[in-house]
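Novice: Here is what each chain is made of, one letter per residue.
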Amino acid sequence: MMGFIWFWLVAVMIVGYVVLDGFDLGVGVLHLFLARNETERQATLHSIGPVWDGNEVWLLAGGGTLYFAFPLLYASAFSGFYLPLMIVLWLLVLRGVSLELRNHLEMGVWRALLDGIFGVASLLLTIFFGAALANVIRGVPLQADGYFFLPLWTNWQPGANPGILDWYTVIGGLVALVALTLHGALWLSIKISGDLEQRARRIVTPLWIALVILTVVSLIATISIRPQNLNNYYQYPFTFVVPVGVLASLAGIWLWNRNAQPVKAFLSSCLYLFFMLAGACWGLYPTLLPATTDPERDITLSHAISGPHTLAVGLIWWGFGMALATCYTIFVYTRFKGKSDLGVSGH
Amino acid sequence: MTSELIHRLHFAFTITFHYLFPQLTMGLALLIVVLKTAALKTNGELWDRAAHFWGRIFGINFVFGVVTGIPMEFEFGTNWARFSRLSGGVIGQPLAMEGVFSFFLESAFLGLFLYGGNRLSKRMHWFSSVMVFAGSWLSGFFIIVTDAWMQHPVAYDRLPNGQFEMLSFWQLLMNPWGLLQYMHNMTGAVITGSFVMAATGAFYLLDGRMQNYGRTFLKVGVIAGAIASILIIFPTGDLHGKYVAHNQPPAMAGMEGVFKTEPGTGIVLIGQPNEETGQIDNPIVVNDMLSFLIYGTTKAEVKGLDQIPHDQWPTALPLLYYAYHIMAGLGTYFVFVMVLSAFLLWRKKLYTARWIQWALLLSFPLPYIANTAGWMTAELGRQPWLVYGLMRTSEGYSNTVSASNGLFTLIGFMGLYTVLGLLFTVLIYREISNGPEAKPALAVAAHAN
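Those sequence lines, one after another, are chains A and B. Take 1 as the starting number for the first sequence in the working numbering and just add one per residue. Take 1 as the starting number for the second sequence in the working numbering and just add one per residue.
Just so you know, the hints here were simulated from the structure itself, not pulled from any lab data. Please note: incorrect hints may appear among the correct ones.
[Unchecked claim] Only pairs whose alpha carbons sit at most 27 Å apart, straight line, appear in this in silico DSSO-like list of lysine-lysine:
hint : chain 1 : residue 1 : chain 2 : residue 2
1    : B       : 41        : B       : 122
2    : B       : 122       : A       : 339
3    : B       : 242       : B       : 219
4    : B       : 348       : B       : 41
5    : B       : 219       : B       : 122
6    : A       : 337       : B       : 122
[Said to hold, decoys possible] Chain A residues, not near chain B, derived (Cβ > 12 Å throughout):
hint : residue
7    : 5
8    : 127
9    : 159
10   : 160
11   : 224
12   : 230
13   : 295
Every residue gets a Cβ at the ideal spot worked out from N, C-alpha and C, and that includes glycine.
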């Protein structure tokens, strides 16, 4: 029971991270293409200025939660994914610094450099996060002691000894890139007005089409790589509501964006991310990290879980702390509600 | 180079660089609350501008702290997997709590504090600064709890699979080692904040511009600095030192360079420990002093390295000894310079005595060195243990990550952090030389809404 609860609490943290930091990553990808002058660029970046750091906290809090609830998984996955994680860290460092420092450096040449770094780092991060999730779904060559070490790539095939990157995980990376860029475009169409808003809304259409295609391709690829992912769905058929939810939220994005209701379109995009991630987690449950070597070596809930007292106490403070954190998050978002660019050009 | 050494260097390098930022964040957070409170009470424009100015510096510093801090949480898993696997149930707890309780608080209210100037009432803006302070100090607490458990494990049991299981949440948080270390460490952070503020004030006065701000910064910095410099030695340093002596005798012997156990042990002020001869070379010693400091009597016996099995000696003995002596030496200097400055402030001579302003200006790097040396003392003193008495460092690193891969990413971090360090220096220097009255075009736009 504790295992079930904590599995889904960690999943909630991951969804929270992807939904929140997702849009600021997407804005990072987009701002290079969408903004045409300094005023527009400031407006674009100002729409995420007060919140990006708080969004990133979800990653840290999620990592910490994983650490104490499933220490074996944390230890095995973090050391096994050593190289890509270090690259992710470097990208997070570069991205955070470049976004924040453009406020402190006025010269055009500095700004151009920082904007470029911010855009490229955001883009690579979305791809890495997507590929990371795909790695977990595909599985890793776990050894008998529960550890593994993955090179960045081998022969680009998801066999028994894959690399971080193979054709399947690259698809995962592309899904994340397109989904989060779309997510960012919808966020911008809420927060920005005028020409820029129109451009943000126009770019939604091609992104949406790409996302629909990639979603279907990735679902087929997932089932062909790891057919067991459907087991839970067949056992509890009502859970097929998850893939239906994926499709419905995609439809919602399309409809509400066309009817100029950006808030609803953005919320549909949140739901899309939620259903995709929840669907992936449910496909794995109760496995946490499948082994490509031997199914016996899968890291599952029962042997990765922390001791009973740790988890019972954790439930109390975690619930309390996350309730507080949710309050802060809502408070901050309501404080910065509405168009963020009004007044930037006027003052 | 062995894997173990690479992983140690990896963590040591990234944490040392990281902690250059939070010590100022935590110290300044307190001083900004002081400035904002003064602004609220006196309704004074100057205090508000001063708070705003330090808020900007805080903001830059905070971002560097965040981006260099994220790798730290990851490195428990990436570089210390075998340790994490066994200890996650205990220390994963405070680490997760740091994220859940302090980072959310801190980031939410820092966003309000930095961007919300015109959207919030004065009182609400003050409240944001208090919450940023609370968040950053809470964050420090959880990290110290984590380290304290590694230094002095409490409230744990071992499950059949070797994992540590927490027995009492309350005891874990209230680890006496942690409470002492927390007081000592936070006082150290306030010293860094005070010296930076006082040095900035001295810089303005010596440079002959922004005199009113210069005096304000000097006054606040010197008062806070004088209080903190005394507290760092007594009671926090004194109590913490005694606790180390009782619970980690090898660490204390290494710190003080006590090779021989004898009653009436002296304290070595200067000298070089010689591991081969088991002596301090070129020593300057105050007789009986160490016995007195630890036990309150000059006759007491302090356990020397001769009574400790060689495989339990701190592995980097001379470095431990030097780190501790640098910390203690600088701590003594801080009391001297800050109390003297406070005296001059009281005698109304501080603003004209250029010699002491020069001393304060040139001293700003020293608290950074002292804080770093203090942490080196704590962590080198714990060696060869990762969890004191329970798990050796050689049993904790990720043995699936080769020395070569570890070196690859260590070099990557060194390159990246060199760039960050240069960028940080340029940015902070610009902020300080522009001063509190400056209105960069973008800052106005950014704060307009």
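Novice: Are the hints correct? Go through all of them and say.
Specialist: These are the hints, each one checked on the structure:
1. B:41 to B:122: Holds - the C-alpha atoms of residue 122 (chain B) and residue 41 (chain B) are around 11 Å apart, at most 27 Å.
2. B:122 to A:339: holds (23 Å)
3. B:242 to B:219: Violated - the C-alpha atoms of residue 219 (chain B) and residue 242 (chain B) are around 34 Å apart, more than 27 Å.
4. B:348 to B:41: The given pair, whose Cα atoms are some 24 Å apart, holds under the 27 Å limit.
5. B:219 to B:122: holds (24 Å)
6. A:337 to B:122: Status holds; Cα separation ~20 Å.
7. 5: For residue 5 (chain A), whose nearest Cβ neighbour in chain B is about 15 Å away, the distance exceeds 12 Å, so it holds.
8. 127: holds (19 Å)
9. 159: holds (20 Å)
10. 160: holds (17 Å)
11. 224: At about 30 Å from chain B, residue 224 (chain A) clears the 12 Å cut-off, so the statement holds.
12. 230: holds (31 Å)
13. 295: holds (21 Å)
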